[in-house]
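Combine both chains into one complex, guided by the hints.
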Amino acid sequence: MLLKAFGVAAALTFTLAAPAAYAQAPNDAQIAHIAYTAGTIDVAAGKQALAKSQNKAVRDFAQEMVRDHTAVNDQALALVKKLHVTPQDNPTSQALSKDAAAKLASYAKLSGAAFDKAYVTNEVAFHKTVNGALSKTLIPNAKNPELKSLLQTGLKLFTEHQTHAEHLAAGLK
Amino acid sequence: MNTPRLWFVVLAGAALSAAPASAPAAKPRAPVIYTVILKDMKFGPTPPAIHVGDTIEWDNEDIFLHSATAKDKAFDVELKPKAHLWTTFHTPGTYAFSCRYHPGMTGTIVVRP
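Protein sequence lines correspond, in order, to chains L and R.
Mapping of the first sequence onto numbering that gives the first Met the number 0: residues 0 to 172, in sequence order.
Mapping of the second sequence onto numbering that gives the first Met the number 0: residues 0 to 112, in sequence order.
Among the hints, erroneous ones may be present.
Straight-line Cα separation of at most 27 angstroms, DSSO-like style, residue types lysine-lysine; simulated pairs [to be verified]:
(1) L:Lys-147 - R:Lys-81
(2) R:Lys-41 - R:Lys-70
(3) R:Lys-38 - L:Lys-147
(4) L:Lys-135 - R:Lys-41
(5) R:Lys-79 - L:Lys-80
(6) R:Lys-81 - L:Lys-80
(7) L:Lys-135 - R:Lys-38
(8) L:Lys-155 - R:Lys-38
(9) L:Lys-81 - R:Lys-38
(10) L:Lys-46 - L:Lys-142
(11) L:Lys-147 - R:Lys-79
(12) R:Lys-81 - L:Lys-46
(13) L:Lys-46 - R:Lys-79
(14) L:Lys-55 - R:Lys-72
(15) R:Lys-70 - L:Lys-155
(16) R:Lys-81 - L:Lys-81
(17) R:Lys-79 - L:Lys-155
(18) R:Lys-41 - L:Lys-55
(19) R:Lys-38 - L:Lys-127
(20) R:Lys-70 - L:Lys-55
A few chain L positions that, by computed beta-carbon distances, are all more than 12 angstroms from chain R [what the hints assert, rightly or not]:
(21) Thr-39
(22) Lys-81
(23) Lys-108
Calculated directly from the structure, the hints in this document are not laboratory data.
A virtual CB, placed ideally from N, CA and C, is assigned to each residue, including glycine.
For reference, chain R alone in the conformation it holds in the complex (with noise of 0.2 angstroms):
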């Protein structure tokens, strides 16, 4: 399950948009934490896309260690059972990642400029 802990960002983020032309120009998009749960040995669904500077929070909900591990290794993440750790994205590009220990486990991140 992803989810976005800052909505009230994006809500702020809406309410600018929709101000007359008058109105101060927005302030840049604030960045966002999204939980991605590693559980019954499966990564647990991606948010469609992200931006940069955006970040990942990995949850493992597990008895087992696992890694998150970006296939041009962009990341490596290691957790170790109950852990959560956080990954903040810097370049846009599609990340494809598994886990280091249990090949099977695989996903793919977005970044979005």
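One chain only, chain L, in its complex shape (with noise of 0.2 angstroms):
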């Protein structure tokens, strides 16, 4: 399981972190679009940690993830209207939820400890590689100032997540 997050995580890393496999730089957009795809796959797995799991460290933080991810993405929402921008769907978006889907059907099939553990995991290599994103790919390449903004607000706020994650991820060894 681990080596799959790994696996997982490492493919989003290349996807999220390498221009270069795309003719030109994701625009507004398309930026708009993957930070609003991440913030509704974690709202997901953390409905689904709510679900499944009853250790109460792990439902605090499956709790603040879907309050958080909630929170900025509603602000996402807001911007885009505001600006008349549509996101656009694209091939990164695309992998993120495959991704997630293979990932949610998955941890659908475990339970207790094992789920609690392969859901902490996953929530430390998924933050890891969104702020890997944020700061190389999304945050440089965004034209609009309020977006920039906007995305460096979730910056803080995923790096949070992930020291959070982590800290989490010991406590369950």
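Below is the structure:
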């Protein structure tokens, strides 16, 4: 399970952090879509954890993920509406969604401590990957200052989430 | 950022302390309100020290739910996005606090008699 999680994380890192794979850097509409998709994925993962886990620390963390990522996505939706921008689907968003769906299906088969460990381990990898993408690809390529600012806020939040997930993972060992 | 709201009280106190010995005794120190801003997933600077009777105004400028929760449970303030609430300190001590929802957010308030 750990290797599988790492493999997916590595694939996402390549997809998100390798603009050379594209003819050109992502535009604001694509960046907004990628960021929103990443948030939606973590909300879904958090809801799955709330449905399956009995561990208080894991449940508290999952509630934090659902609450915070929902807040950021609500803000993102308000921003794209204000800017009259339609988020644009793209290969990165599609890869994120595909991998997330596979993980949700895989983790649905787990329970108890095995689920908790898989969920938290993946949260560490996921936030690490998204934070790398935000700092190396999404924020540098964002043109609109308000979008860039929201992404920077997201990076601060997700960095805190990554630290929290790492502490939680250490406690589960 | 911490902002003493009642600077005039401090100035008045300073003026009284500089008065001649025959002047009336200084009035008791009036309480002061300080503001601690929560922004970008951090608690802003806290005052070096406050005194019993002083108040901290917690001002959440983030879009996320936060709390200011004392490690010893002396206070626990839940702060919705853009909300601001107050804690008045009645007991001297050093209060370590954090956000219940984001454990990486921490700070300390020192309360003197």
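Flag every earlier hint the structure violates by its number, smallest first. 10
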